[in-house]
Structure formats: C-alpha cells, structure tokens
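A.B. asks: Starting from the given sequences, assemble the full structure and let the hints guide the process.
Spelled out from the first residue to the last, the chains are:
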Amino acid sequence: METISILPPELIRMLIAVIIIISFLFLNAIMMGYLERKIAAHVQRRPGPMEVGFHGILQLIVDGVKLLGKELLIPFKVDRTLFRVAPLLSFTPVILPLLVIPFSEKLQARDLNLGLIFIVSMGSVNVMALLVAGWGSNNKYAMFGAMRAVAQSIAFEIPILLSMLAVVLMCNTFSLKEIVGAQEKIWFVFLQPLAFLIYVIAGVAETNRAPFDLPEAESELTAGFHTEYSGMGFSLFFIGEYTNMFIVASVAAVLFLGGWHGPHLPYGEYLGIVWFFLKVYFLLFLMIMIRWTYPRVRFDQLLNFAWKYLVPFSFVNILITAVLVKL
Amino acid sequence: MLESDFQKKNRFFLNMGPQHPSTHGVLLIVLEMSGEYVLDPQPVLGFIHRMHEKMAESRPCQSFMPNTARMDYVCALPYNHGYVSLVERKAGIEVPRRAEYIRVITSELNRVASHLLWLGAYLLDLGAFTPILYGFDDREHILDILEDITGSRLTYCYYRFGGVNQDIDDKFVDSTRAFIKRLRKRFVIYEKLVTKNIIFIKRTENIGIVSPDMALRYGMTGPNLRGSGIAYDVRKNEPYSIYPEFDFEVPVGEQGDCLDRYMVRVREMEQSLRIIEQALDRLPEGPVRAKVPKNIKLSPGDCNFAVEAARGELSYYLVGDGTGVPYRLKVRVPSYSNLSCLPELGRGILLPDLVSILGSFDLVIPEMDR
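Residue numbers (our numbering), protein chains in the order written: chain Y, 8 to 334; chain P, 1035 to 1404.
If you are wondering where the hints come from, they were derived from the structure by calculation, not from laboratory data.
Hints may contain errors.
Said to hold, decoys possible - Just a few of them, taken from the derived set where beta-carbon distance is under 8 Å, the chain Y residues facing chain P:
1. A217
2. E225
3. Y301
Said to hold, decoys possible - Here are the computed lysine-lysine pairs in the BS3-like style, where the Cα-Cα straight-line distance is at most 30 Å:
4. K315/Y with K1230/P
5. K1219/P with K1205/P
6. K1364/P with K147/Y
7. K1215/P with K1270/P
8. K1219/P with K1236/P
9. K1226/P with K315/Y
Ideal Cβ placement from N, Cα and C applies to all residues, glycine included.
C.D. replies: Shown next, in the form of structure tokens:
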C-alpha cells in the first residue's frame, strides 16, 4: 500500500479534487432537489414545478437564491455557538467521504487503504451535527428529534458495518478501488443479496429518509432537529441530507453493484463514471420512490426492527460468508 | 413502565399546538410527558370561538343559515340539513319529496368528500404524503359537482326552509353517476396503497382502543362509536328525512382501535355511494321548494333535531318564544364529545401514537369551538 506522502503535486491534485467535489456537491443537491420534487409530483399525479425554465428546471436555483437572501434567525435563549456551528458540522463530514470514492478507474481523489472505514467514521460524525442542532435550539421538539437521531444512528450503523464486512471478507481489502476491481466478473449483489438488502434498508434509515425520517417527523415533531433553522442554516442541513444520500448510494454501488463496471466504453478508465452515476442515481430514485409511498414507522418499531431483525440477520450472513470463504 | 422513580422526577410539559401540523387547526394539547411517553394530555379549546349560538339568538332564523356551514366546513351540508329540518319541524313546514331526495344526495356526497379528506389527512399524520393528494383529487370532483348546483365549494348555504335553493339538472345526475363509477375504481388503489400497507397496519392496529363502555361514557358518536362495535347511526336509529326508504348498512368495527375507525369510514363511503345510487334511480319529479311564509314564527316551546354528520350525531336544540328569532339555540357537535376521551385514552402512550389517535378521531376544531 502507498504511504501518505503529501508532495506538492499531490497537494495540488487534492486541492483540485476538493474544489470539484464541493461544486459537484451543490450541483447534486440541486439535481436531487429537482428530481425529488418532480418524482414526488408524478407519484402524486400532478406536474410539480413548471414555472421557472423548461419544466421548472431552474426552480431549485431560484429557491437557493431565495434561501441565501433570507435572514438566519437566531431565536431567544438558544446556545448561540452551538446553534451556528451545527449546520457547518453537518455539512463538513459529508464532503470528506467523496474523496475516497472511486468514480471510475482513474477518477478518484485518493485511494486510502482503509477507505471504507474512513467513510463509516465520517458518517458517524454527521449525527453529532443533528445532536448539536437539537441541543442548541432550546426547543423541545428539536431535542426530541436530536435524541431520536442519535438512537437511530447507533442502531443502524451496526447492520451497515456488518453488511459491509461481508463484502470485505470476500475480497480481503478495505480499499474501495480494489473492492470494485474484485467485481470485474460478477457483482457482489449476486453473491451477497442479503447483505445488499440489509445495507439498503439501513442506509435509508441512516440518511433519515422516510419511512425512517423520525428525527424530522413532520406530523409529530413539526420539523424535528431543524425546527428553529431558517435560510442558509436550513439549506446546509438540506444539502447535507442529499449528499449523505449520495454517499450511501455510491457506497452501495461500489460494494455491491460493481462501481464503474459495465458494458465497454471508449476511454473506459475515465468514462466508467457514466455507469457509476447510472447505478447511483438508480438507487437514489428508489429511495425517493420509497419516501413518497410509505407512511412513517413508529420509533420503537424502528429500533426493534434494527436490533431484532437486521443485526441478527447480518451476523448470520457474516458467519455464512466466513465459512464459505474459508472453504 | 409508567411510574418508575426516574419518570416521576423527569416530567416536563410540551405544548402541542395551537400551531402544530397534526392538530388540524388551532387546538392546543398540553402534554405532560416523560421522555417520549405521554402521561397526561389535556386539550385546551376556545382559540376560534365565534359565538355562533349567540348569533342565532340575535337575528331572524333565516339569517342564521350561512353560519351553520361555518361550524364544520369539511362536511357543511348535514349542518344545513339539521338546521332547516329543525325549523321546519318547529314551524310545521312540509317539504316536497324531490327536495328531500336532493338533500340526501348532496349530504351523502358531502359525507364522502369529508371522509376522503380525512383519509388523506390521517395518512399525512402517519407520515405518508401521497394519499392526501389522491384524496384531494377525488374530493375535487365532488366539490365541482356540488359547486354547479349550490354555487359554493365549501361553506354551502343550499338548503332552504321548505326545500332547496335550486333544482338539480341532468348534468348533475350524469356527473354524479360518473363520479360513483370512478370512486369505486379508486377504492382499489386506496386499498393497495393504504389498507394493506404493513407500516400503516402496524401504526394503527391495537392503538388507541376505545372500549364500547368508554365510548358510551364519553358520548362518542359517529364512526368513532361504530369503530367500537356499537351500531348506532342516526340515519337508522332515529330516522329523519327519507333515509328509511334506502337500503344501506351500518359498518361497525370489532375492538375500537384506530384501524377499526379507519375501516368503518372506508366502508361508510361505499354505503354512501349506495344511498346516492338508489336516490338517483328513484328521483321523483315535482317542485323543490314549498310555499313558506316570509316571516317564519317559531312557536313557544322547545324542539330538537338530530342528523348524522360525517363525524357523528349533530343535534340542534331550539327554544322558541313565538317570534321569528330563536330564544335559545344549542348545537351539540360530535367532535367535542369525541375529543373528550383523549385524557383517559392518551395516558402512558407514545407521542406518535397520540398523533395517530388524534387523527383517527377526525376532529374539526371550528366545529368544537363554534
């Protein structure tokens, strides 16, 4: 494995990558916001945004400008420091995992040999932001949301880790590039269907999306942890959520759906990114469809589901995988 | 679970409302909580009290007609119906048969519209966004049909003493028949999307069980009472208008949980469609409005009239003193009694269950506050 040596050319490479990733991240949030509204509209048999641009394609940009122009309201008696830090805290950790995700064979900011662990650890930092936001808001509904977020995150990180581990057992590496490389012949979704299912379910819960959107359960907690946020503070949470979804979907694509692999394209080592994005957006489409179809589960049902079903099943899955790999 | 030392020490109050997405209006519920468990929910009413009853006592009885629709704006026509029938009973006015048929058809259409709105709003309380737009889509058809003959979409003032304001035409009959056909097809979608959904069943089954005894103690009526297994429907038990001539069932639930209340309403919509079909088939010819004196005199003495609104038994109680102005008018609304069991029902449950129970009662706050 390579040692981490930050030489000037490597530094420049990283800088460029970070800039591209941050700009992509905003673009992704805009695209996802548009897709979400359009898909939701079509699920509900209505046209959705139609006014700004062709079929409302510029709607989210206009919304973004509006949110930028809004005052960041700080309510009475909140913890000012925490209240201001929380949106940034939710935004920062979602940038970093994108650095290690292999978009195609040669398009990867940096291939860490512990890439998978890095992504999971960054995902855990994200829940800190929700806790800080809920705690700092001086609002009981926000506090409920924050507490639910923490309990949910702890419950669902375990099945996520265990389902990832099943893949790691099969290819003996934590490096995302090598995991994708190992799927040249057959995607792991066919070898590990149970792990894939567990990962997708737990992933939806990890990103706080309906039917597991308990931290912001609108009909119960008004808006959960971001009840008190307005303007850019709110939109940073919003972008954070969409980027989180993107990361969960792209890790699923890397681990189970063969990353950049697909029918041969010219300049395959670069254009593999097309297959990668198709897979990621297919998963995101699924997540959006689920959100607009199902009611919300109750909190204790959600935790029971995680501890009584997902965790035991993923343990069994790991056991079977370990035995089969040893054979 | 309830009375551990930790929970005794760590109680706090949470104001749910008056602005909260799932109280459906300006209802405040003060919750005494311990963690996510609700220990004591206390509803606080009166945010939109408009003195409708006092208004009735200070003007001629005709002028009160528009007010009746402002109490329960979701299902306004039965409110019209109750009031005109009350004054007709008091003043001894005979209503032409065609007018009674029109009243029944429009009231039942309004009931279906109300249940459709409730279905969507309830699912919204449970966190599903899509059914409310499906429900609104169907409800829109009813509102269009009613708008054509009544002139308004929500706060109707269509019935008159001795009949209805305007006769219905062939277009109304055709579009109502077309709508019934369409809604029967849509019920299949609702069943697939909602009724058979495992998450929905988990959120409603065995939640908020109202025993028959408890329902009677609090004076619950309507689908909430029938959900507890008591087949009491004013249209059957205390028949008014021409309801005895129709063949329809009173659906009842088994154990009185949220799912039963949901099922009762869904099945009630089908029964309402049956009533409308029969009424359309037998629609008699004739006048739609009887000759009524310009100044109606309300004879001394009291009089009561009950109708089945979408939420339960609605009864008007009127005391006359020989003039055209009621001496006293009391409106007994179903939502008020339906809500009154919440403090007993909501003890020691989770906050999401409280939202589920509140939604299943189908409350309309302006009706409670009047």
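A.B. asks: So, for every hint listed, does it hold in this structure?
C.D. replies: Evaluated hints:
This hint holds: A217/Y has a C-beta 6 Å from the nearest C-beta of chain P, less than the 8 Å allowed. Taking 8 Å as the C-beta contact cut-off toward chain P, the hint placing E225/Y at the interface holds, the least distance being around 6 Å. Against a cut-off of 8 Å between C-beta atoms, the interface hint on Y301/Y holds, since the closest Cβ of chain P lies about 5 Å away. Using a Cα cut-off of 30 Å, the hinted pair K315/Y and K1230/P holds, with the two alpha carbons roughly 23 Å apart.
Distance check on the hinted pair: K1219/P and K1205/P sit about 21 Å apart at the alpha-carbon level, within 30 Å; holds. Distance hint between K1364/P and K147/Y is unfulfilled; the C-alpha atoms sit about 40 Å from each other, more than 30 Å. Proposed proximity of K1215/P and K1270/P is supported: the alpha carbons are some 26 Å apart, at most 30 Å. Taking the CA atoms of K1219/P and K1236/P, the gap is about 26 Å. The hint holds against a cut of 30 Å.
About 28 Å separates the Cα atoms of K1226/P and K315/Y, which keeps this hinted pair within 30 Å; it holds.
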